[in-house]
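**Student:** Here is what each chain is made of, one letter per residue.
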Amino acid sequence: MAGAALAKAPFSRSANETEAASNAVSVRNIDVVFGQGPHAVTALSNVSVEIPQGSLVTMIGPSGCGKSTLLRAVADLVPVSAGEISVLGRTPETARRERNFSFVFQDATLLPWRSAIDNVRLPLEVGGGGTAHAEPAELLALVGLKGRENALPGELSGGMRQRVAIARALVTRPKILLMDEPFGALDEITRDKLNEELLRIWQETGTTIMFVTHSIPEAAFLGQHVLVLASHPGRVKEFMHVDLPYPRRLAVRDTLEFVQITAKLRQLLEEC
Amino acid sequence: MTDIVHRGVFVEESRFNRWVEAVRYRWPSIAAVVGTILLWQLIVWGFSVPTYMAPSPGDVLNAFRTEGGLLLRNFWPTLGEALAGFAAGNLTAILLAIWFVHNRTAERAFFPIAVFMHTIPIIAVAPILVLIFGNGVTPKVIIAAMICFFPTLVNMVRGLKAVHPATLDLMRVLSASRSEIFWKVRLQSSLPFLFAALKIASTTCVIGAIVAEWIGSSFGLGALIIEATYNFRAPLLYATVFTAALLAVCLFTIVSIVESRLITWKAPDVH
Numbered sequence: 649m650a651g652a653a654l655a656k657a658p659f660s661r662s663a664n665e666t667e668a669a670s671n672a673v674s675v676r677n678i679d680v681v682f683g684q685g686p687h688a689v690t691a692l693s694n695v696s697v698e699i700p701q702g703s704l705v706t707m708i709g710p711s712g713c714g715k716s717t718l719l720r721a722v723a724d725l726v727p728v729s730a731g732e733i734s735v736l737g738r739t740p741e742t743a744r745r746e747r748n749f750s751f752v753f754q755d756a757t758l759l760p761w762r763s764a765i766d767n768v769r770l771p772l773e774v775g776g777g778g779t780a781h782a783e784p785a786e787l788l789a790l791v792g793l794k795g796r797e798n799a800l801p802g803e804l805s806g807g808m809r810q811r812v813a814i815a816r817a818l819v820t821r822p823k824i825l826l827m828d829e830p831f832g833a834l835d836e837i838t839r840d841k842l843n844e845e846l847l848r849i850w851q852e853t854g855t856t857i858m859f860v861t862h863s864i865p866e867a868a869f870l871g872q873h874v875l876v877l878a879s880h881p882g883r884v885k886e887f888m889h890v891d892l893p894y895p896r897r898l899a900v901r902d903t904l905e906f907v908q909i910t911a912k913l914r915q916l917l918e919e920c
Numbered sequence: 003m004t005d006i007v008h009r010g011v012f013v014e015e016s017r018f019n020r021w022v023e024a025v026r027y028r029w030p031s032i033a034a035v036v037g038t039i040l041l042w043q044l045i046v047w048g049f050s051v052p053t054y055m056a057p058s059p060g061d062v063l064n065a066f067r068t069e070g071g072l073l074l075r076n077f078w079p080t081l082g083e084a085l086a087g088f089a090a091g092n093l094t095a096i097l098l099a100i101w102f103v104h105n106r107t108a109e110r111a112f113f114p115i116a117v118f119m120h121t122i123p124i125i126a127v128a129p130i131l132v133l134i135f136g137n138g139v140t141p142k143v144i145i146a147a148m149i150c151f152f153p154t155l156v157n158m159v160r161g162l163k164a165v166h167p168a169t170l171d172l173m174r175v176l177s178a179s180r181s182e183i184f185w186k187v188r189l190q191s192s193l194p195f196l197f198a199a200l201k202i203a204s205t206t207c208v209i210g211a212i213v214a215e216w217i218g219s220s221f222g223l224g225a226l227i228i229e230a231t232y233n234f235r236a237p238l239l240y241a242t243v244f245t246a247a248l249l250a251v252c253l254f255t256i257v258s259i260v261e262s263r264l265i266t267w268k269a270p271d272v273h
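Going down the list, the sequences are from chains A and B. So the number in the numbering used here is just where the residue sits in the first sequence, counting from 1, plus 648. So the number in the numbering used here is just where the residue sits in the second sequence, counting from 1, plus 2.
Bound conformation, chain B alone (with noise of 0.2 Å):
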C-alpha cells in the first residue's frame, strides 16, 4: 500500500526524482562494479603488485588520457572490421535461411556444412585466411562475418519455420501464394528469433575482428593488445581492452534499441 502511494508521488515529481528511483533500483550493480574497481586498487597497493603486470584503476584511467590518440586510431579500424562482419555475416545467414525455408534440399545439402564451419576454432581459421588474403582488411572482415554467421542462420531458420500451423491453414483458406506468405507471415514471426541472434553477433563480431587483428596485423585493437603485451605496457593493455569491450557494450545497445522499435507486439511463443 506504501508502496503504490510512494510510486504515485514519483510521477509527479521531477527528472531529478526519477534518476534518484533509478539508482534506488540499479543499486546493487553500481555497488557491485564500484566495489570491483576498490578492491581492485586495494589489491594493487596492498600487494604492491608492479605496474606491468597488473595496472591500477587509476594507472588505466591515465593511459586513457595519456594514449587515447593511439587509442582511437586503432579504434576506427576494428569498429569498420566489426561492422562490415556484421553485415556481411548476418545477410549471408538471413539469405541463407531464406533458401533453406523454401527448399528443403538446399538445406539437407549444406546445412551440414555450416555445422562443420562451426565447429572449426576461429582462431584456426584466421591464419589460412591470412594466407590467402594477405594483411588487410579482407581477413578481418572475413571472420567477423564467420563469427556471426552461424547463430544467426540457426536462429532464423527456425524463425521462418516458427509460424503457427493453424495459421498457414488460414493463408492456404485465403489462397496466399508462397511470397505472399513470406511477407506477410514469415519474415514477420521470424524478427524476434533473428533479434536474439544479432544481440549474439553485435559482441561476437566484435571478438573476430580482434582475433583476426592478433595474427599479423599492424593496425586494429587487437593488434594493440599484442603489441602492448609485449612491450609489458599494461596500462595501455587494459584500456585497449575496456575500450573493445565498450565498443561491444555499444553495439549490443544499438541492436537492442532497434529491436524494441521493431518489435512492439508480443510474441507469445519466443522465450
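Chain A with its partners taken away, still in its complex shape (with noise of 0.2 Å):
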C-alpha cells in the first residue's frame, strides 16, 4: 500500500494541494473494522464525505452507526483499515503532530489538580507545544469564564468544565475542532446556552468545525450541513445542507423551516 501511494505520489500531492484550499477534511471510501478474524465488526464501511474548510458539519445516526468512530478516525486515535483520510491535505497523523485539529470528549476531561488556566495551558505544555498559540486567559474569557481562571475542575459545574474544555482546544488555534458529543451530559439549558455559544466562536474563530451529536434538534441548530449516518454497517445516509442563515438564535428552533428541516432529519434517522 506504501508502495502504491509512492507512485501515485506527485498526482496526488498537486491533487490534495487544489483540495486544500476548499476542504479541510477529506474522507474516501473508508473502512473501519474493529478485532480480526470470526469476531471482526465492521464500524464504517466505504464512508466517504468532504468537510469544507470553515463549515460547520454536524453528524448524526443510530447508535452504532459509527458517527465517533468515522470522528476518531479522523483525529488519527482509530487506525481505519481501508481508503484514505486527508485532514488539509496531510495524513490524520501528521496534522495531529503539526496541531491541526484539537478534540473535544463527552467528558471534559479536565486534569483535576490542575486549575481552568492551567487546564487550557496543557496543550502548550506537551507534544512539542506547536507552533501558534492563544491567550489562555482572552479564551476563558471567550467560552464565558472571565474570573473563574483559579477555580479547579471540582470547582466547577458540568457546563463549566466542558466550556474549559472548549477553551482548551482552542488555544492551539486549531484548523479543525472536532467534538464528540460534548454537550451529550449536559442539562437541556445549559446545552441550549452552549449551543449558541458554539456557533458564535466558530464565527469568531473560523475554525472548521465537525460535531457528533444524538440529538436531532443540536444537528439541524449547529449544522450548516448534517452528516446522516446508518447503521450496521455504518455507512454515510445523506449528507444534507441546513438552509438556515446564521447567526442563528434559539428562536430559530420554533419556526416552521427548522421544524421540517428537524422532521426531515426524522424520517433519515427512521430509515436507518
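Since the hints were derived computationally from the structure, they do not count as laboratory data. Keep in mind it's a predicted model, so treat the numbers as computed, not measured. It is possible that part of the hints are untrue.
Each computed SDA-like pair below joins lysine to any residue, with the alpha-carbon atoms no more than 25 Å apart [unchecked claim]: (1) B:Lys201 to A:Pro865; (2) B:Lys186 to A:Leu800; (3) B:Lys186 to A:Glu797; (4) A:Lys885 to A:Ala899; (5) B:Lys268 to A:Phe906; (6) B:Lys186 to A:Asn798.
Each of the two chains sits in its own frame; use the hints to bring them together as a complex.
**Tutor:** Below is the structure:
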C-alpha cells in the first residue's frame, strides 16, 4: 500500500493542494474494522465525505452507526482499514503532530488537580507545544469563564467544565475542531446556551467544526450541513444542507423551516 | 433552623467556644476512652488482679514516669528502623510500580513473586534475616520495609493505571510522549491511591520493626516488650505497648497531614 501511495505521489500531491484550499477534511472510501477473524466488527463501510473549510458539519445517526468512530479516525485515534483520510492535505497523523486539529470529548477530561487556566495551558506544555497559540486567559473569557481562571474542575459545574475543555481545544489555534458529543451529558438549558455560544465562537474564529451529536435539534441548529449515518455497518445515508441563515438564535427552533428540517432528519433516521 | 442560628453564633465567638464545639462533636469517643479506662481500673480493683498479671491504669502511668528514660532509649531505635523501613519499602514499591506500568513483561514476570513474598508470614521471615544479617539494625529495617512494600505496590500500580481512557485519548491527540503522560497525568492521578497505601504503611512499618526486634535483639521497643514480659514487669510492658501505638498514630497523622496538603483536589474515582 505504501508503494502504491509512493507511485501516485506526484499526482496526489497536486490534487491535495488544490483540495486543501476548499476542503478541510476529505474522507474517501474508508472502512474501519475492529478486531480480526470471525469476531471482526465493521464499524464503517465505504464512507466518503468532504468537509469544506470553515464549515460546521454535524454528524448524526442511530447508535452503532460509527459517527464517533469516523471522528476518531479523522483524529488519528482509530486506524482505517481501507481508504484514505486527508486532513488539510495531510495524513491524520501528520495533522495531529502539526496540531492542525483539536478534539473535544463528551467528558470534559480536565485534569482535576489543575486550575481552569492551567488545564487550558496543557496543550502548550506537551507534544512539542505547537507553533501558534492563543492567550489562555482570553480564551476563558471567550467561553464566558472570566474570573474563574483559578477554579479547580471540582469547583465548576458540568457546563463550565465543558467550556474549559473548549477553551483548551482552541488554545493551539486549530484549523479544525472535532467534537464528540461535547454537550451530551449536560442538561438541556446548559446545552442550549452552549450551542449558541459555540456558533458565536465558530463565527469569531473561522474554525472548521465537525460535531457528533445524538440530538436531532442540536444537529439541525448548529450544522451548516448534517451528515446522516446509517448503522450496521456504518455508512453515509445523506449529506444534507441546512438552509437557515447565521447567526442563528435559539428562537429559530420555533420556526416552521426548522421544524421541517428536523422532520426531514427524523424521517431519514427512521429509514436507517 | 435553630441549628443554623446556633452555628452562626459560634462562628462569631471565641476559640474557647470552638473547643467546646469540638468536644461536643467528639464526646462519644472521649467518653468511650474514659469509660474503658475506668472499667479497667474497676476490674483490677474489684477482682484484686495482681499487678504482674494485669496492671491498673495508675500502675501504667506510674511506669511511664519511673521508666521514662528506659522507654525513650528503646524508642529511638524503633523509630529509626520504622522510618528507614517505611522509606525503603515504599520507594522500592513505587519504582517497581512505575516499571510495571511501562513494561507489561516485567509486571507479568515479577508480580507473582511479589504476591508470593506477601503470603509468607513476616514472623517467619524474621529469623531467616537475622541469620543472614545478624543482630544489627539491617534485618529490622528490611522487615519493616517488606511489610510496607506490598500494599504500596498494588495501590501504586492501580493508581498509575487509573487514568480515564478519554484523558489518554486527549494526550494522544496532543501527541504527548510517554514521559509527558507519566509526569503530567499518571503520577498525579496515582497520588490518592499512593496515600491510601502510605497510611497503611505508616502503622505497619512500626509493627514490622517491633516484630523484628522480638527475635534476638537487645534494643528497641520490641526487645523491651520481650524483656518486660519475661520479668513479669507488666506496667512496663503496657507502657511499652502504648508507646509503640502512639508512635504508629503519630506516623499515621503525619502522612494524613501531608496527604491533605498535597491533594487539594477532589478525586471522584477514588473511594
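**Student:** Hints first: check each against the structure and report whether it holds.
**Tutor:** Going down the list of hints, with the structure as the test:
1. With a C-alpha separation of about 51 Å, the suggested pair lysine 201 of chain B and proline 865 of chain A falls outside the 25 Å cut-off, and the hint is violated.
2. A distance of roughly 16 Å separates the Cα atoms of lysine 186 of chain B and leucine 800 of chain A; the hinted pair therefore holds under the 25 Å criterion.
3. Restraint check for lysine 186 of chain B and glutamate 797 of chain A: satisfied, since their Cα atoms lie roughly 19 Å apart, inside the 25 Å limit.
4. For the hint linking lysine 885 of chain A to alanine 899 of chain A, the alpha-carbon distance of about 28 Å lies beyond 25 Å, and the restraint is violated.
5. Simply put, lysine 268 of chain B and phenylalanine 906 of chain A have alpha-carbon atoms about 43 Å apart, too far for the 25 Å limit, and the pair is violated.
6. Note on lysine 186 of chain B and asparagine 798 of chain A: the hinted pairing holds, with a Cα-Cα distance of about 18 Å set against a maximum of 25 Å.
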